[in-house]
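Modelling step: build the complete structure from the supplied sequences, incorporating the hints.
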Amino acid sequence: MSIEILPDLLGVFFFAVSGCLLAGRKGFDLIGSLLLGSLVGLGGGVARDVIIGQTPAAFSNPLYLAPPVLAALLVFWLYNSAEKIGRWLVVFDAAGLALFCITGTVKALSFGLNPVASVLLGVTTAVGGGLLRDVVANQVPQLFNSHDIYAIPAIIGAALAALSYTGGWLNIGTGFGIAVVVFSFRIAAWHFRWHAPLAVRKQKN
Amino acid sequence: MSIEILPDLLGVFFFAVSGCLLAGRKGFDLIGSLLLGSLVGLGGGVARDVIIGQTPAAFSNPLYLAPPVLAALLVFWLYNSAEKIGRWLVVFDAAGLALFCITGTVKALSFGLNPVASVLLGVTTAVGGGLLRDVVANQVPQLFNSHDIYAIPAIIGAALAALSYTGGWLNIGTGFGIAVVVFSFRIAAWHFRWHAPLAVRKQKN
Amino acid sequence: MSIEILPDLLGVFFFAVSGCLLAGRKGFDLIGSLLLGSLVGLGGGVARDVIIGQTPAAFSNPLYLAPPVLAALLVFWLYNSAEKIGRWLVVFDAAGLALFCITGTVKALSFGLNPVASVLLGVTTAVGGGLLRDVVANQVPQLFNSHDIYAIPAIIGAALAALSYTGGWLNIGTGFGIAVVVFSFRIAAWHFRWHAPLAVRKQKN
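Residue numbers (the UniProt record's numbering), protein chains in the order written: chain A, 1 to 205; chain B, 1 to 205; chain C, 1 to 205.
For the record, the hints were derived by calculation from the structure and aren't laboratory data.
You can take every hint at face value.
A pair counts as met if it fits within one copy or between any two copies, since identical chains are not told apart.
Here are the computed lysine to any residue pairs in the SDA-like style, where the Cα-Cα straight-line distance is at most 25 angstroms:
#, residue 1, residue 2
1, K26, W194
2, K26, P197
3, K26, V69
4, K26, L198
5, K26, N138
6, K26, H147
7, K26, N145
8, K26, W77
Below is the structure:
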């Protein structure tokens, strides 16, 4: 657990910042920012832990409350313009995605789930917080944005994490390497507007 | 379980198709379609299993991942026009509703819940996936559409399933019969625009 | 449990009324009103119980189904104009908030969670139902409304409940007192439009 909690807390922080930034753009107040940051940072992990039948880390370990508080205060103090909020939101979201697809998968594997289920749960953890953020702020989730690619990096990261964990190669170095791959892929997909084929080949309305 | 898993998988498939069709109409890409299909097909059952305290079938049995994949591919290959998406969405949604109100109730009963709670959980399973679908796609849920009747067929189906299960009459034949009743009721309500009284007798925005 | 169930049922009723009123304003039908009332009244408590790993009270005790039914019928019979729906929605929502921040915290404490986690879970219970209500009805949650203060009264109420429970002073009198404080604070914040600082000091767009 001790080796796992730091990247998990970092992931909570990154997602919390993305939530607080969206709160800023939507004109929420500081408390709304703290709550949206908490929901985004902790939501995916709470869903994961509820699914595997554990008391969620957010409710058993008070340490998990620190990153959202820090995120809300940082966003409050550092942003006095909302010009670049959109860009930073994507960057912090990508960083959270990169860490959570790994920590979510590893937690599921260490809990005894099979690799396929663990990858699925890792992806759920990674995309869950951002999905909640966008649903609660009443906009179509980034996850379903067809202008770029969001879920594929998380799926690849979760699969690599499962492979390296099962093979016994997962350590701080390889974990960091996987996170960098996921983060870079996501940012590149956003920047260059890589996209997947549409759900139906020709749609209208 | 073996007798129960086939209708459950079929229900997952039907709901997944409804999710993929909505993804098509909203202009999501193929991955978004797969994810929305998975959320709709598996969401209700995951909620049900989390509530009764079991590891959700979607995460313990990889077979549950097949229907959403199949649904996304079918929708991708078969639809080259979105003209009739609305109609098919209602039909597949009704088919999922018809199966899940039965399988959800039976799973709750076989887990030892009392009949009232089991009916409630069956209805939750049946309407949960579609509710998630519409919330995530940022539209008012079909469940709350006052132009026709959505929940009543599911409540009737869950009650009939609980009655026949408790009475020992539930088998493939009676189960299929209940599903046909629910499906026909829902489709008729949609087609003929049967509706219930409004929540307040006279409303004004 | 017996001392706890009455305020809990009352809280369910108050939140259910707020859901049925919103259903009325949105033009939902009577069944949609019952379902939205149930979701709002029972949703926060179901989330709480799932997080602490218990079968939710709503599914184990059929008594919990009475308040939403009563709420839907009352709203149906008593409102023949929607003029004042907005005002009453806020009042009933505040009453539910006042009771749930206490009962949620006490349930978590009596289940053995630490005080910080219990306060967090109490707040989750209190704001969860209303959050679901607004998300499902496709509007930005009252929780994130920056025109007044919503979460702070719940946080204060949960903290006071945790303090008095731990100190052994919690009884019907002090519990009622805390609820009155929370309710009055929330209503005053709404009426006088007290508000917190914004999430970012200067926002645009």
